[in-house]
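The lines below spell out each chain.
Number of protein chains: 2
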Amino acid sequence: MRKTIGFIGTGVMGASMAAHLIEAGYSLSVYNRTKEKADSLIKKGAVWRGTPGDAAAACGVIITIVGYPHDVESVYLGDGGIIERAEPGSLLIDMTTSSPALARKIYDAAKNRGLGALDSPVTGGDRGAREASLSIMVGGDEADFERALPILKVMGRNIVRFGDAGSGQTAKLANQIVIAGTMLGVCEGLAFASKMGLDRNELLGCITNGSAGSWSLASYGPRILKGDFAPGFFVKHFIKDMKLAKDASEEAGMSLEGLEAALCQYEKLASEGGENDGTQGLYKLYD
Amino acid sequence: MRKTIGFIGTGVMGASMAAHLIEAGYSLSVYNRTKEKADSLIKKGAVWRGTPGDAAAACGVIITIVGYPHDVESVYLGDGGIIERAEPGSLLIDMTTSSPALARKIYDAAKNRGLGALDSPVTGGDRGAREASLSIMVGGDEADFERALPILKVMGRNIVRFGDAGSGQTAKLANQIVIAGTMLGVCEGLAFASKMGLDRNELLGCITNGSAGSWSLASYGPRILKGDFAPGFFVKHFIKDMKLAKDASEEAGMSLEGLEAALCQYEKLASEGGENDGTQGLYKLYD
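Note that the protein sequences, when read in sequence, are chains C and F.
What the first sequence shows, in the numbering used here, is residues 9 to 295, in sequence order.
What the second sequence shows, in the numbering used here, is residues 9 to 295, in sequence order.
Check the hints yourself; a few may be wrong.
[Stated by the list, open to error] Just some of the chain F residues that point at chain C, by a computed CB distance under 8 Å:
{"no.": "1", "residue": "G122"}
{"no.": "2", "residue": "L181"}
{"no.": "3", "residue": "L192"}
{"no.": "4", "residue": "G218"}
{"no.": "5", "residue": "L264"}
{"no.": "6", "residue": "A269"}
The hints are simulated quantities; they were obtained by calculation from the structure and are not laboratory data.
As the structure is a computational prediction, the values presented were derived from the model and not from experiment.
Glycine is no exception: its CB is placed at the ideal position from the N, C-alpha and C atoms.
Make a model of the complete structure from these sequences and hints.
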């Protein structure tokens, strides 16, 4: 097994995660749809590859963190993609938040070619990626998980295997459902305070450490008060996650009204031009 | 000014708060609708009074923390109530979560009789009351706030005056709006995890310190996993708070979809017999 890692997707999250791997001594081959976003990694010694398949063919471990499930499907299952090009024995780790069903499909296709596959989505945001403090939720075979663990530990702290292929994605969707409601509460509460003429800075100071407190309130509250709606986590990606969660919950016969309210509001925000805002942009819908 | 405090309402929150005042050296006169709930305070030296008015007549400072706005209205504005019986110069501090409009009505009635009045609702739950770590949101005159501060500091840590009468209640409603969304997210996310067969303990450990983290998740998540739905904070009281928030936001021309979804779900829970559960009981609606 070569000590090389192919890293596909060097966006806000991936660029930080890949940099930690280089610092930890791994030789990286990188690919990204927009090459410029890989430049900082190439300067640090990463080797550029012209396609995801090229990166896969050159490395024993392939990590992907791309945008949408259709991107995941394309890089893994497309013509000349990762599964076609990876050498038998390679380990594929998808860290995109994607669908549990697609994770199982990739797992099956990988097995058929003698490859290991893990779904390993992360939580902790851009800051967690920068600080290597991500939580990582893994689905797939135990042996593949053990093999991936030293690599995952370079990028995160809380690393749990939840079970078979797809279960990492399912855990991540549960996480996103929690965040959906929390963001609704944070944005609506602060917008109400603003509308009622309360001093929002005083309010934030008063409630952040009380029973209304959350990572979302502490992280996004101050940005909202400054009018900073730049993305840590894109609205368009959160909508994707909530749709996946809605699909999975409905398939399981559940009706999650908070999730639906959040999805509906975020779609409204996107339709009004906010899809490239950070998720704290929801505040603007109420203000 | 006598160093006595009349304390009306010795429930889950009030009993702990009153005990701190006794420990701090204040002489307490107490009243509660159910006398037994004041017994522990009477053992510590508090003097029982037969009506809220009797407690008010005997003390220069009167604190109330009762159930609903109609209870607040009754103890303050009813025949033989606090405003009728309190001696001129007394200070009235209502710590119930109630309506901003009622707070202003009490303030006006108090002024007419030469009394000071503050609305001073709290956040931090039963634990905050026990540990004297409540956040306290105050509305009313600056001078009355300064006079109340040494007393409020015995019960809480984060004490902010937001402005004129009613603004403490408005700030508390903003706090409750944040919590409403957060609780939806927590209960729906954990119920989804359960339905999908994930190990909920592993999930909770994995996500509590990540971007899904909140006071609600850390406090109620473990109770939910143990099937402990006993009240720290009653569903029926949370419904009351959310209705007040909905009324206030609608009067201001706002439509808060997350708040509405939460209120709707909690009312459904109450209609199914859960009104005396703790707010984490919302989980049962999905499980």
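Here's how the hints hold up against the structure:
no. : hint : verdict
1   : G122 : violated, 29 Å
2   : L181 : holds, 7 Å
3   : L192 : holds, 3 Å
4   : G218 : holds, 4 Å
5   : L264 : holds, 5 Å
6   : A269 : holds, 4 Å
Checked against the numbered hints above, the structure breaks only hint 1 and satisfies the rest.
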